[in-house]
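**Q** Could you build all of it, start to finish, from the sequences and the hints given here?
Those protein sequence lines, which keep their order, are chains A and B. Going by the working numbering, the letters in the first sequence line up with residues 1 to 264, in that order. Going by the working numbering, the letters in the second sequence line up with residues 1001 to 1307, in that order.
There may be inaccurate statements among the hints.
[Said to hold, decoys possible] Pairs of lysine to any residue, SDA-like flavour, derived with a Cα cap of 20 Å:
id	chain 1	residue 1	chain 2	residue 2
1	B	Lys-1100	A	Glu-70
2	B	Lys-1100	A	Arg-12
3	B	Lys-1100	A	Leu-153
4	B	Lys-1096	B	Gln-1186
5	B	Lys-1100	A	Met-192
6	B	Lys-1096	B	Val-1177
[What the hints assert, rightly or not] Have a look at the derived ranges for each label pair, beta carbon to beta carbon:
id	chain 1	residue 1	chain 2	residue 2	range
7	A	Glu-70	B	Leu-1122	38 to 44 Å
8	A	Gln-73	B	Asn-1067	43 to 49 Å
9	A	Ala-118	B	Lys-1294	46 to 52 Å
10	B	Lys-1100	A	Leu-110	29 to 35 Å
11	A	Arg-77	B	Arg-1176	18 to 24 Å
12	B	Ala-1101	A	Arg-77	29 to 35 Å
13	B	Ala-1093	A	Gln-73	20 to 26 Å
14	A	Gly-236	B	Ala-1101	42 to 48 Å
15	B	Val-1281	A	Asp-144	55 to 61 Å
16	B	Ala-1099	A	Glu-186	50 to 56 Å
[What the hints assert, rightly or not] Covered, in the sense of this in silico footprint (three residues per stretch, anywhere, with C-beta under 8 Å from a C-beta of chain B), are these stretches of chain A:
id	segment
17	82 to 89
18	95 to 104
Calculated directly from the structure, the hints in this document are not laboratory data. Ideal placement from N, C-alpha and C gives every residue a C-beta, glycine not left out.
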Amino acid sequence: MSLFATRGLTVRFGGLTAVDHVDAGVEEGETLGLIGPNGSGKTTFFNAVTGLVPATGEVVFRGAPLPGLEPHQICRRGIARTFQASRLCLGLSVFDNVLIGMHTHVRCGLLEALFRRARMLSEVRQALKQAAHLLSLFNADLVDRGFDPVGALPQIDRRRVEICRALAAQPRLLLLDEPSAGMSPEETVELMKDLQIVREEMPGLSIIIIEHDMFVIEGVSRRVVAFNYGRKIAEGTFAEVARNEEVREAYLGRGSGTEGSARA
Amino acid sequence: MPPLEVILQQAFNGLMLGVMYALIAVGFTLFFGVLDVIHFSHGDIFTLGAFAGLSLTFLWAAVGIGNPAVALLLTFLGALVLTGLIGVAAERACVKPLAKAPPLMTLLATLSLGLVIREAILIFYPRGADPKPFPAMLPQGLFEIGGVVIRYENLAILAIAGVAMVLVDLIINRTRVGASMRAVAQDAEAAQMMGVNLNRTVDFTFFLGSALAAVAGILNGLYYSEIHFIMGIMGGIIGFSAAAIGGLGNVYGAILGGLLFGVLQTLAAAFIPRGSEFRDVVAFAVVMVFMVFKPTGILGEKTIERV
Chain A
1 MSLFATRGLT VRFGGLTAVD HVDAGVEEGE TLGLIGPNGS GKTTFFNAVT
51 GLVPATGEVV FRGAPLPGLE PHQICRRGIA RTFQASRLCL GLSVFDNVLI
101 GMHTHVRCGL LEALFRRARM LSEVRQALKQ AAHLLSLFNA DLVDRGFDPV
151 GALPQIDRRR VEICRALAAQ PRLLLLDEPS AGMSPEETVE LMKDLQIVRE
201 EMPGLSIIII EHDMFVIEGV SRRVVAFNYG RKIAEGTFAE VARNEEVREA
251 YLGRGSGTEG SARA
Chain B
1001 MPPLEVILQQ AFNGLMLGVM YALIAVGFTL FFGVLDVIHF SHGDIFTLGA
1051 FAGLSLTFLW AAVGIGNPAV ALLLTFLGAL VLTGLIGVAA ERACVKPLAK
1101 APPLMTLLAT LSLGLVIREA ILIFYPRGAD PKPFPAMLPQ GLFEIGGVVI
1151 RYENLAILAI AGVAMVLVDL IINRTRVGAS MRAVAQDAEA AQMMGVNLNR
1201 TVDFTFFLGS ALAAVAGILN GLYYSEIHFI MGIMGGIIGF SAAAIGGLGN
1251 VYGAILGGLL FGVLQTLAAA FIPRGSEFRD VVAFAVVMVF MVFKPTGILG
1301 EKTIERV
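**A** Shown next as structure tokens:
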């Protein structure tokens, strides 16, 4: 049985159907690529899964239905995500940002803070150690810069911190919304290596990754789903999807091959 | 130039008004900071807090709690909880259902709710149209320092308001629910993705803001020895203005704005010829000047972390 699956997932904004009866799923430990032109409903799909926008249809995660749950409950069930535009706390330090991701696992409360300082401090230390471990998977320098504000870091390190923040919640399913957005090709290659390290270190983690960059998709995911106008138009290995007629049309336009505006 | 002790005396009197305004303003600024709404029935929640406090003093007298300190503490606690819950009910009725609607709708809905609360007090509170005498529960007496007369009662009011403000600061900056409030203020969606319960955080924000309004209401009753069902109109407008001068969304700004407004009002009344008639004109003129030249307020919301 798959870890996560949607059946007929649909999101409507007034007259516009942004996600149209999508069936998609991911197995435990699998990385699924999600591609499609701008406005094809990829991010809306994430928003629907995480409960940020109301949707109809079925979503099953770890054997239980998700619809009807509040976003924070879905997070606590084990789905974490990053956003296309970074939404870190730029004024806070690298460590603080990662610790934010762990806050649902914190057991100490007001009583411990007031009367059992030792216990609380040990929990904080434990969390810091875990944060440092996560950061070191990506870039050992980040640990050294752990007390610097995130706003002082370059784009790629910010993205790494954001992924670490999502991983800090110990999710079973990680949703990455265009992690390479706004990066140079060199940075994109680096980030891909990072994702492969995460893949090896956390074999049980499932990932769904939205990307425009076909190169990234080819590098990290074996199976790919393609969206257009909110519908799933293709599914299969990268090579299969890349050959698919409808996908080529969606990306390149009808009678492709001659137009100069082709991307991907 | 009037003598220094007269200026100091008036400034002290202004501080008294200022702390009450500040407590109301903090509510406005919390609602705006966390949820981007302007909750215009907040002034009437303040009235409600005062009437809840007054009713409780009768209750304590009826059940025979004679000790004034105990009665006062119970009055505050009871009114805080009651008013806080009413604030949460107001949010559930008028703010949450309109979360996706244009802001103007929330404004209109809360404005109307304020009217409903005001009229309900008028109609349902026994002889609601009359000003209600508020019992003196604070230590009486006074002393003089450098020509400035200070009443024990006023010191107690300052102390209570001060404690309330310190507690709010601690709640916002040192507790988990406070961290949730700051997270929602910064980015509600990302906060939810980190596991923050949005509804509970918003409920708590309205509980906290409304409870502060209750503190302000009771202090108002203790200070003027009388409360009236329409006191929320001015209370609300001044509280909102104070929050705006301070920088909407900034708690410290709201406190500063409240104090500034109170001091301005009193100084205008004392030192401008026929000033007591013009004190609101002067104070609101300053609000207008602020809106024109520094619309983000003293501690503009963007420069310092909000809520």
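**Q** So, for every hint listed, does it hold in this structure?
**A** Going down the list of hints, with the structure as the test:
1. A threshold of 20 Å between alpha carbons decides the hint, and for Lys-1100 of chain B with Glu-70 of chain A the separation of about 16 Å falls inside it, so the pair holds.
2. With a C-alpha separation of about 15 Å, the suggested pairing of Lys-1100 of chain B with Arg-12 of chain A holds against the 20 Å cut-off.
3. Only pairs whose Cα atoms come within 20 Å are accepted, and Lys-1100 of chain B paired with Leu-153 of chain A is rejected, the gap being roughly 35 Å.
4. Using a Cα cut-off of 20 Å, the hinted pair Lys-1096 of chain B and Gln-1186 of chain B holds, with the two alpha carbons roughly 18 Å apart.
5. For the proposed pair Lys-1100 of chain B and Met-192 of chain A, the alpha carbon gap of about 38 Å is over 20 Å, so the pair is violated.
6. Restraint check: the Cα-Cα separation between Lys-1096 of chain B and Val-1177 of chain B comes to about 19 Å, which is no more than 20 Å; the hinted pair holds.
7. Against the hinted window of 38 to 44 Å, the Cβ-Cβ separation of Glu-70 of chain A and Leu-1122 of chain B comes to about 39 Å, which satisfies the hint.
8. Take Gln-73 of chain A and Asn-1067 of chain B: their Cβ atoms lie about 47 Å apart, and the range 43 to 49 Å holds.
9. Checked against the hint of 46 to 52 Å, the pair Ala-118 of chain A and Lys-1294 of chain B passes, with Cβ atoms roughly 48 Å apart.
10. At roughly 34 Å, the beta-carbon separation of Lys-1100 of chain B and Leu-110 of chain A lies within the given 29 to 35 Å, and the hint holds.
11. Between Arg-77 of chain A and Arg-1176 of chain B the Cβ separation comes to about 20 Å, which falls inside the hinted range of 18 to 24 Å.
12. At roughly 30 Å, the beta-carbon separation of Ala-1101 of chain B and Arg-77 of chain A lies within the given 29 to 35 Å, and the hint holds.
13. The given range of 20 to 26 Å is respected by Ala-1093 of chain B and Gln-73 of chain A, whose C-beta atoms sit roughly 24 Å from each other.
14. The hinted window of 42 to 48 Å between Gly-236 of chain A and Ala-1101 of chain B holds, with their beta carbons roughly 44 Å apart.
15. Val-1281 of chain B and Asp-144 of chain A have their C-beta atoms about 60 Å apart, which keeps the hinted 55 to 61 Å range intact.
16. A hinted range of 50 to 56 Å for the beta carbons of Ala-1099 of chain B and Glu-186 of chain A is inconsistent with their spacing of about 43 Å.
17. Coverage of the segment 82 to 89 of chain A by chain B holds. Counting CB-CB distances below 8 Å, 3 residues qualify, and the rule asks for three or more.
18. Residue count for the segment 95 to 104 of chain A with a Cβ under 8 Å from a Cβ of chain B: 4. That meets the three needed, and the coverage hint holds.
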